[in-house]
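Take the sequences, apply the hints, and build the full model.
Listed below are the residues making up each chain.
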Amino acid sequence: MKKILWLLLLFSAFIFTEKGTAAENLQAVINSAKDGSVIKLEDKIYAGNIVIDKPLTLMGTNETLIEGDGKGNVISVRAPGVTISDLKVSKGGMDRNSAEEYAAIKIYTDGNVLRNIGIDESFHGIYLSKAHNNTIENVRVKGLGKEEIAAQGNGLHVYYSNGNLLINNYVVGTRDGMFFDYANDNKVIGNEITKTRYGLHFMYSDRNEFKNNIFTFNTGGAAIMHSNQLKLKNNQFIFNYGHRSFGLMLLSANQNDIENNTFYMNQRGLYIDQSTDNLIKSNQIFQNQIGIELWASSNEQVFTENKIEENTIPAVTLGGSGRNDWSQEGTGNNWGTSFPLLDLDQNGVGDSPAIYKSSLYELIEDQELVYLFLKSPAIKVYEKMNQLMDNEKTMFEDQHPLTDSEKPNFYLSGLVIFAVIISAIIVKRRKLLCISFGRNGRKI
Amino acid sequence: MYFVWKEWKENIRGKGLWLAIGTIILVSALLLVRSTSLSYDQGLYILLINLFDTLIYFIPILYLFMGAFSIFQEKEQKTLVMLLTRQESYWTFLAKKSLGMHLVLIVPVMIWFFLFLVPLKLYFKADIGTYLVFVLSMVALMLVFTQIGALVGSISRSRMQIAGMAVIIWFYFFFLHDFALLSMIQGVNHDNVKLFSIAYFLNPIQAVRLYLETGVGIYSFGHMSRLLKSFMWLQPGAFLGASLMFWVAIAFISSGLLHRKEGFE
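Each protein sequence line maps, in turn, to chains E and Z.
For the first sequence, counting from 1, position 255 maps to 255 in UniProt numbering; every step adds exactly one.
For the second sequence, counting from 1, position 89 maps to 89 in UniProt numbering; every step adds exactly one.
These are calculated hints, taken from the structure and not from any lab test.
The structure presented is a predicted model; accordingly, all values stated were derived computationally and were not measured.
Be aware that one or more of the hints could be misleading.
To spell it out: a stretch of chain Z is covered by chain E in this simulated footprint if at least three of its residues, at any positions, have a beta carbon under 8 Å from a beta carbon of chain E; those stretches are [unchecked claim]:
#1 41–49
#2 162–174
#3 206–218
#4 235–249
Heads up, the beta-carbon is just placed ideally off N, CA and C, and yes, glycines get one too.
Right, here's the structure in full:
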């Protein structure tokens, strides 16, 4: 009888091998592993809330899932030199009344690598807490949707952490895509952030580099606040289009280099307030409602070699006039067809300054509903009427505007000519079409 | 059915429908060519918004004219008098005629838009739901301006009157309506913002635009201020539906009440 009971017990251990057992195993395996060992996980669900306290490699397959109990961090990394790769992490703690903010993976140490990881159902995706020189690569974080702010955290949260590399990650639907708080000298390259509140949110973080990132469909593309000496290059800010949205906001942000970025179809391409000494160079700012919204509290920005065209309002200065330069060393900006410019000496610089006057600044300052009209053709009529009544104010003066050196698009012209020829043929042969489609059997 | 068939034959013999479809095809093709360099993920959204922004310059005026001339043709050719003498009242005539016009003027464009989906699918990540919202937006625009065109045709005595009225109506919806609202926008506060909102969405162009931009997911009304929340007291789709019903009903009833049976060249 005793033997049978033992047999049943052993049998049940095989039948009811649930994640609890696996979790104990995983934590036990980690506990018993030696420093530097490689733990290969299988295609199954492991229970989370594990703590890694020694340098090792945790490697899954594409179907490996580590699932938390919804009450804490799913994986806590408390030793340096840990590598985690090729797995999914889910169900971190969402409690906002807890002593700490939980994450799918929380890193407290330096020199770790996280690669090829999928995350969902967690407050924060990855949280770097006073963790330096880590690499976060190809991590995909899925949040609850951008309308949810308080109930969820950020995709990648970097707190008091320096010298980290965030590369080729994808974040969708979290509160902020990437949040930097007192974090310096980090590199952020090739990430895609979509449908969040702010794709990128900076607070008190200096000397960080951003290259080749894409920010789309966020309430705000990138909000840089109280942060200095950043480099933003070759990023794309597209369709950050909600009411009062922006591609890039600089608020109390100084000495930043913003070069070669694309600001396309945002409510406001650049929004600059209380910021000084920023260089905005060689950016493409087009088809935004407002290309650049510049508040008078901002001074000494330099705008040069930017292509600013097809915006409803190219640039607007609000709250008074600041001291900003719209050209540098004889090189201004290319305003497309916004200004009729002559370049008789053909040096690529217009012979007269580009001066933009507008009457809309007062409305924009006073009434937020004006943004709903920016796409209306009535805006042009409104501007013309106020021009006649001399109610305008100068928004900017570019002393050295660049003229367009692009050649006309012969491909498009060819297509137009082709279309006209086809139309002429159809009109000429319309009678035949009438007979065919009308089926009335008689020629007209 | 007879009215639909009659409308179809008349329209394919005329120039209006061909001109409208030709314009829409040409504009769509040109914008597609311009957009082929856009990214695979966002290209569709950018193209649809640009296409809408371009087509609103053509569709309202073209459909106003087509609606108006379609009714006026019945007067010119004396078919209206014949129909009214025999079995129709003006209301039944108008209802059948409107149905015929809507079907004949809208369906070919819808067919083109579904054909247009093929190259879109090749170049971009095409989401069918997004595209349907776009097609629906265009249909709404065509519907409302065709019906207003029918009103113009009903009350006009000559082609000159039609031309004048159509241009004035187009100018009103395109410029004046928003211009009037812009002129009084500084007086908008929490007490009167709902009234302002109604006036704003009474412009079908703005109602359609906001429906399209929110429907395809590029315009977000998240995190609104109190004033904006009061302004958006209905969903954009509901505003569009209400605006559409209002103008179609007003145009239809006014056509019935104010119509003139005779027309001359």
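Hints breached by this structure: Hints 2 and 4 not satisfied by this model.
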